[in-house]
Amino acid sequence: MRRLAIALAAFGLVIAACGQPAPGAGTSAAPSATVAATASPTRGGTAIVAIWQFPATLAAHYANQTVTTIVDNGVLEGLAATATDGQYYPTLATEIPTLANGAAKVSTDGKKLDVTWKLKSGVKWSDGEPLTSADIKYTWEIWMKDPKVNNRTGFSEIESIDLPDDATAVVHYKSVYAAYPLNFFWLMPKHLLEKEADISKTDYVRRPLGTGPFKVTEFKTDESITLEKNPNYRDAGKPYLDKVIFKSVPSSQVGLAQLKAGEVHAMWNLTEAQTPDVEKESTLALLVVQGPTVERIELNTAQNKEYTDPNSTHPVLGDIAMRKALLYATPKQQIIDKLLFGKAKPGSSPVSQGWAAYKEPQEGYDPKKANDVLDAAGWTKGSDGIRTKGGVRASLTYATTTGDQLRERVQQVLVEEWKAIGVEVKIQNQPSSVLLAGSCTGKDPRKLGTFDLLMYASTPEIDPHSTILPRYHSKQIPTQADCSGQNYTRFKNPEADKAIEEAGGTLDAEKRKAAYAKVMKALNDAYVIIWMYDRANIDARVTGLQGWQGNTWQRFTWNVQDWWLKK
Amino acid sequence: MGRYVLRRLLQALPLLFAISVASFAILKATPGGPLAAYEGNPSFTEEDRLRLEHAFGLDRPLPVQYLSWLGSFLTGDWGYGFASHQPVLTLIGERLPNTLTLMATVFVVVLLLAIPIGVTTALRQYSVFDHVVTGTTFAFLSTPTFWLGLLLIIVFGLQLRWLPLGGVQTPGAEFDIGDRLRHLILPVATISLVQVGSHVRFLRASMLETIGQDYMRTARAKGLAERVVVLRHALKNAAIPLVTVVALDIPELFVGALVTEQIFGWPGMGRLFLDAAFRSDYPVLQGILAVSSTLIVLSNLLADVAYGYLDPRIRYS
Numbered sequence: 001m002r003r004l005a006i007a008l009a010a011f012g013l014v015i016a017a018c019g020q021p022a023p024g025a026g027t028s029a030a031p032s033a034t035v036a037a038t039a040s041p042t043r044g045g046t047a048i049v050a051i052w053q054f055p056a057t058l059a060a061h062y063a064n065q066t067v068t069t070i071v072d073n074g075v076l077e078g079l080a081a082t083a084t085d086g087q088y089y090p091t092l093a094t095e096i097p098t099l100a101n102g103a104a105k106v107s108t109d110g111k112k113l114d115v116t117w118k119l120k121s122g123v124k125w126s127d128g129e130p131l132t133s134a135d136i137k138y139t140w141e142i143w144m145k146d147p148k149v150n151n152r153t154g155f156s157e158i159e160s161i162d163l164p165d166d167a168t169a170v171v172h173y174k175s176v177y178a179a180y181p182l183n184f185f186w187l188m189p190k191h192l193l194e195k196e197a198d199i200s201k202t203d204y205v206r207r208p209l210g211t212g213p214f215k216v217t218e219f220k221t222d223e224s225i226t227l228e229k230n231p232n233y234r235d236a237g238k239p240y241l242d243k244v245i246f247k248s249v250p251s252s253q254v255g256l257a258q259l260k261a262g263e264v265h266a267m268w269n270l271t272e273a274q275t276p277d278v279e280k281e282s283t284l285a286l287l288v289v290q291g292p293t294v295e296r297i298e299l300n301t302a303q304n305k306e307y308t309d310p311n312s313t314h315p316v317l318g319d320i321a322m323r324k325a326l327l328y329a330t331p332k333q334q335i336i337d338k339l340l341f342g343k344a345k346p347g348s349s350p351v352s353q354g355w356a357a358y359k360e361p362q363e364g365y366d367p368k369k370a371n372d373v374l375d376a377a378g379w380t381k382g383s384d385g386i387r388t389k390g391g392v393r394a395s396l397t398y399a400t401t402t403g404d405q406l407r408e409r410v411q412q413v414l415v416e417e418w419k420a421i422g423v424e425v426k427i428q429n430q431p432s433s434v435l436l437a438g439s440c441t442g443k444d445p446r447k448l449g450t451f452d453l454l455m456y457a458s459t460p461e462i463d464p465h466s467t468i469l470p471r472y473h474s475k476q477i478p479t480q481a482d483c484s485g486q487n488y489t490r491f492k493n494p495e496a497d498k499a500i501e502e503a504g505g506t507l508d509a510e511k512r513k514a515a516y517a518k519v520m521k522a523l524n525d526a527y528v529i530i531w532m533y534d535r536a537n538i539d540a541r542v543t544g545l546q547g548w549q550g551n552t553w554q555r556f557t558w559n560v561q562d563w564w565l566k567k
Numbered sequence: 001m002g003r004y005v006l007r008r009l010l011q012a013l014p015l016l017f018a019i020s021v022a023s024f025a026i027l028k029a030t031p032g033g034p035l036a037a038y039e040g041n042p043s044f045t046e047e048d049r050l051r052l053e054h055a056f057g058l059d060r061p062l063p064v065q066y067l068s069w070l071g072s073f074l075t076g077d078w079g080y081g082f083a084s085h086q087p088v089l090t091l092i093g094e095r096l097p098n099t100l101t102l103m104a105t106v107f108v109v110v111l112l113l114a115i116p117i118g119v120t121t122a123l124r125q126y127s128v129f130d131h132v133v134t135g136t137t138f139a140f141l142s143t144p145t146f147w148l149g150l151l152l153i154i155v156f157g158l159q160l161r162w163l164p165l166g167g168v169q170t171p172g173a174e175f176d177i178g179d180r181l182r183h184l185i186l187p188v189a190t191i192s193l194v195q196v197g198s199h200v201r202f203l204r205a206s207m208l209e210t211i212g213q214d215y216m217r218t219a220r221a222k223g224l225a226e227r228v229v230v231l232r233h234a235l236k237n238a239a240i241p242l243v244t245v246v247a248l249d250i251p252e253l254f255v256g257a258l259v260t261e262q263i264f265g266w267p268g269m270g271r272l273f274l275d276a277a278f279r280s281d282y283p284v285l286q287g288i289l290a291v292s293s294t295l296i297v298l299s300n301l302l303a304d305v306a307y308g309y310l311d312p313r314i315r316y317s
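Residue numbers (my numbering), protein chains in the order written: chain R, 1 to 567; chain C, 1 to 317.
Looking at chain C on its own, in the form it has when it is part of the complex (with noise of 0.2 Å):
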């Protein structure tokens, strides 16, 4: 197992790193870049453009700009935005918190959801509840979100005035918890309603194939409570599936709900990150990247970790 968990460590350094090297390219061969942004203004010459590109190091050869970058990301040093003259790191500090509120209250509230009516729609399949769960969930799965977002705001922030309208907390205001967790609602009721649909679809589909395996018939003879069965037995092998599909959100938790949080103003990691792509901001497009992508390949190793612990079956080679 050790060997095993080292041994896709060391197969995803090659992988990072040809990650790394495409997103750098794709980065730069999109039109426009990071000095578009002045160009709009007539007094800006070939001269300020010739100089700007010295100060923020694009002039040097392509190979020599990523080396570079690679080098002092690897220590530690991520650069700075080329249009807020802020370290990267400094920006990545000042939206996580606010993306990790948001993505891992929808996490939690995705999973408390999801998993009592996913084994409640399996257990009563066909029943006027499984019918009724399966079809919400299949139209909140078919939302896009941006519409179910604008929608919640106009009912619950425009029409009836429960909630406002977007933002972490309101402007000017000192700290109050209930006041951030009001702002909190929406954006997170609009992530969840549309994952719940995905995650109790997944349970139901494999909580059904459990239940009609021959070791829930010999569980059953051998008197164990009905309880027992079903949340030992069956959902901890049902839940094999929704391992994978639950790890691989956690890049989420970093990377943002791109979406909503345009939507909603919240100034998290995906806003940064859209931002900075609009900007052409290398700098933090590079930093965010290689994050995200880290995260992906670490949550993909967990899923596979974690499908060994859940069932004994499956074995690493």
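Same shape as in the complex, but just chain R (with noise of 0.2 Å):
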């Protein structure tokens, strides 16, 4: 029973491990021209929001839970967020600072980089103090001092930051940082916490002081969270709801039960299978918003052993024409058809979304073509029907996360069009905390080098950099001194490797756009990758709750200042 129940909790994790957060998720003035007027909106009134996993912290700097931003977005801001679009725009600044602008300046080496912010007039903290530009300095200095932060992307390339005056912050970068627009996403108040030891030890770490539309009133561990109003929100109209409660669920299935029932009128992270069932109720609706997460198989292309040595081969994928052939036996679309309810798009990048979206689609599902491509290269079948060359047979192992019904549904679907062309392939599941684990200590798979074909999803932040060099870049390949890399393919591409540096050393977006464009299309043609799907990020609601409004990179909350209940 007790196993059982693990298990049931671990599935619930294992959705958890895959929706990581959309790294710019956060709340915002909503860009207010598109929120058109279908009807004019009501004040007042509750928002029930269920959550089937609960936010163990709701200070962002040590958050590590996609759940926290989906309350924080009510009651934290920053100085910019991200529009669906991939469009950075200002929250708490008054413009985002440009090199056009001239209030973002590459010094003359092209080595540094200096950013000026300025803050909107009148904007208060929920407690009425005013913030001011320390709040900016202070809020670096939090996330490189506390030693417990989750990371510290952004503010360890900052050298200084000066202060003009109040309403003015100048960052001094010590690299070209592009990403630097979303760099101060959450402000930490100076003068609540200033005088904090540890800050881990306040009440902050459960009721955060922010700028946004609501406060936290309070907090009940696995119970419920409730925010109320802001009487202090700088747009003055805003929120039309009185409060907003996230209200916990013991998973999707319930949260789902519960919406039907009317106790809640919103819920967070569905999954695609549950979505037939929201449609035929008239009274509920869905939110799908296609997200930068993609699922993918990886393929190894170096020996499978613990620290396997990046130039070694692989006997069965290091042949690019195995590779080719398992690409073209994979139906990509039927999968999306049967199994995800055509809720996901076929995978062709690791950066489906934003400025520098990559969509030249990988080549269709076409077995006989597999078929061909292992004859031609002398793959030739056995009695058993799988294929051997020189004395190598083509057996593979096949991994994914332990417990995730669409993932093995997944595997069985492909063990068996593989099988088809004469590959065999084992399905050799691990929980995804050691699957994915992202240490050599944590024994992860694609850190050692032991696997052949691994399934999982990642999602990229919205500047790509942050994923295209980490990810593909030959010197990012994790070994025994250094583990840190996450080019699992082992992929090793001397012109990738160019382009991605060029991209890396510029703000131009157009050429940083045609670089990783570059490293992309020598990705594919290596055929190190199957990009299985573009997933979505579903989520569900009542009718009545109106407002809403989908963001690819961000959670549903992001524009809870614009919700409100039909009465």
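Because the hints were derived from the structure by calculation, they are not lab data. Treat the hints with care, since some could be wrong.
The list that follows gives simulated cross-link-like pairs (lysine to aspartate or glutamate, EDC-like), each with its CA atoms no further than 16 Å apart [stated by the list, open to error]:
1) R:Lys-145 - R:Asp-114
2) R:Lys-324 - R:Asp-375
3) R:Lys-368 - R:Glu-416
4) R:Lys-137 - R:Glu-157
5) R:Lys-148 - R:Glu-196
6) R:Lys-381 - R:Glu-360
7) R:Lys-111 - R:Glu-501
8) R:Lys-190 - R:Glu-157
9) R:Lys-338 - R:Glu-408
10) R:Lys-190 - R:Glu-141
11) R:Lys-145 - C:Glu-94
12) R:Lys-220 - C:Glu-46
13) R:Lys-324 - R:Asp-372
14) R:Lys-137 - R:Asp-162
15) R:Lys-518 - R:Glu-360
16) R:Lys-518 - R:Glu-502
17) R:Lys-345 - R:Glu-360
18) R:Lys-475 - R:Asp-309
19) R:Lys-443 - C:Glu-46
20) R:Lys-260 - R:Asp-242
21) R:Lys-220 - C:Glu-53
22) R:Lys-521 - R:Asp-482
23) R:Lys-521 - R:Glu-495
24) R:Lys-145 - C:Glu-174
25) R:Lys-148 - C:Glu-53
26) R:Lys-260 - R:Glu-279
27) R:Lys-137 - R:Asp-166
28) R:Lys-389 - R:Glu-424
29) R:Lys-201 - C:Asp-59
30) R:Lys-148 - C:Asp-59
31) R:Lys-148 - C:Glu-94
This structure is a prediction, so every number in the text was calculated from the model and none was measured.
If you follow the hints, you should be able to join the two separate chains into one complex; please do so.
In structure tokens, the structure reads:
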């Protein structure tokens, strides 16, 4: 019984692991022009949102759960955020600093970057204290000083911050840090926290103070979090709702049941398989937003062994013909239609959304072509239907996270498809805590190189460099000496390396886009990754809850200040 | 008797120490670890990992980690949860009232049902009532709680809409005892229906054995009323095996019901433990394990002492 419970919970955990936070998720003033009024909003009321994961903390600088962002969207704000088309828009800043408007400047030697931010005037924290540029500097200081912060991306690139006046902050970067617009995604209140020796031991962890449309008034662990209207919110007419309550539910199935029973108004994160259930209810609506997350199968080109030599060759997958054949024998569209209820798109690259999106599709499903390629390359079928070449049997292992129903079904389909072209594939799944451990000490097979085929999902950030560099540069192949890289297929291409380095040294979007496209083309030409599908973020609500808008880069609560309840 | 209890308590110390060492070792051997949750983020670097390992004290040698935990645990400092940054005692303090409410209700409901049913089935062995009860209890006993719980949710929550689907109270509402009780019904029913079965069967078996004894005939021959014979002479003796079972239920008051709490979204100790287990939140896990193993050892002792009270034939040596 206990084991089953753990399996059930593990299932939830796996879902959590696939749905990595869209790193650009945050609260914002919605670009107001887009909030086309279908009906005029009514004020007041309480919206209850079901969440099947409960935030351990709401302090954004400590958190490592997607669900924290869902709640923080209503409470915390930063200088800028990302609109659904991938463009940045200012939140607490007056405008986005760019090279064009002169607020972002690259030094003459091309190695440093200065960014000048101006704050909107009259903004107050929800306790009534004014927001000043000192809060920007303080946010950076905390992120660098507090040993328990989740990561220091961007902040570690900052050399110093000058504060010419209360509304202006000049951020001096040590490098040309292209993702600077989202660096200050959450601001922290200096006046509240500066006297604290250790913020992790204060009430801020559960009731963070922000400038957002709501403030946290109650935090009941594993039960509910109550947000109430922030009277000091800068947009006087908003939020429309008086309260938003995030209610803990044990699983998305129960969340869905509560949505149908009218106990909650909205629920976060549905699986594709749950969508038909919502679609048949006239009082419910789905919000399906194509996200940047892409499910892929990575093919190990080096030997399958612990701390594999990046220069070794995989006996089966080392042959590009074999890699091509596996792609040709992968019916992506069929899998999407049958197993994902059409709620996804065939994948084509690691960057499917945003300004640098690369959408050149991989070759389609054609088992005959797969057979031809293998025949031509000298892989001949034996009496058992499995191919061999030079004494090497075309036998591979196929790993993904255990307990994920969808992935297990995809595996069953592919094992059959690949067997039909003479490739034997054995399923060898591992719990996500190991398979995606992310470190050599955690025995992550991707890091160690102990896999043949490995299926998982990953979510790029809005700035593609943080995806492309660690994943596809040949210097980023994890080894025993340096396990930090994420080039798991052991992909090596000098041209691609050069393009990545070029893109990293400039802020010119056109040049960068072209360089990344080159890398992604080289990657697909090497057939080292099968891009299965681009996954959508799916949420649901009762139709009486209005004002919702999808955003590719942010979670559904990003415009919670615009939500209202039909009376 | 006093010396016996004292000796048992002293014997428990090395046992508890061994349990805590073993559980620490098992926790540490589990793959993943507390930092696994961070690793999904592509921005999380090796440097971040080392920094957090140091901040959480995970970079120290294992014996040092264990001893420093033990030292602070014994002085009342149970440490902070890695994920929540809250003191472990606070985390336990938040959930314990919920778990106590749930499990104490279950405890009472189970005894109130099991004793009369168990006695009646034994007195009327092979009657229709006995067959029905034996059949029903056996069915519930063989039903996994996760299935039974979901079934109750579907029937009473979703279809009939008589009862809420989960949680301890309606979110956002003021405290209301009626609302609380309505939320309590389904989880209590889920656990009780399963537990009643085992208790009834225990009691029935030992009642049957007792009422066949010679002293029962003697009691009746003395002219004692049947009620007195059954309750004082039969039940008191027959209850002895049940006492063991009940005493061993006591730790559950603290530990909670892992599965049921999960299904009903009950914010109790079971969920705290499960969440902590998935996050490898060592301080929380070690705190809960230490308390629950202590309670198990103590309730065993309690069962033995209660035995002696109920049955003077048993001697402690």
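| request: Find the hints from earlier in the document that the structure breaks and name them by number, from lowest to highest. | output: 1, 6, 8, 11, 12, 20, 21, 22, 24, 29, 31
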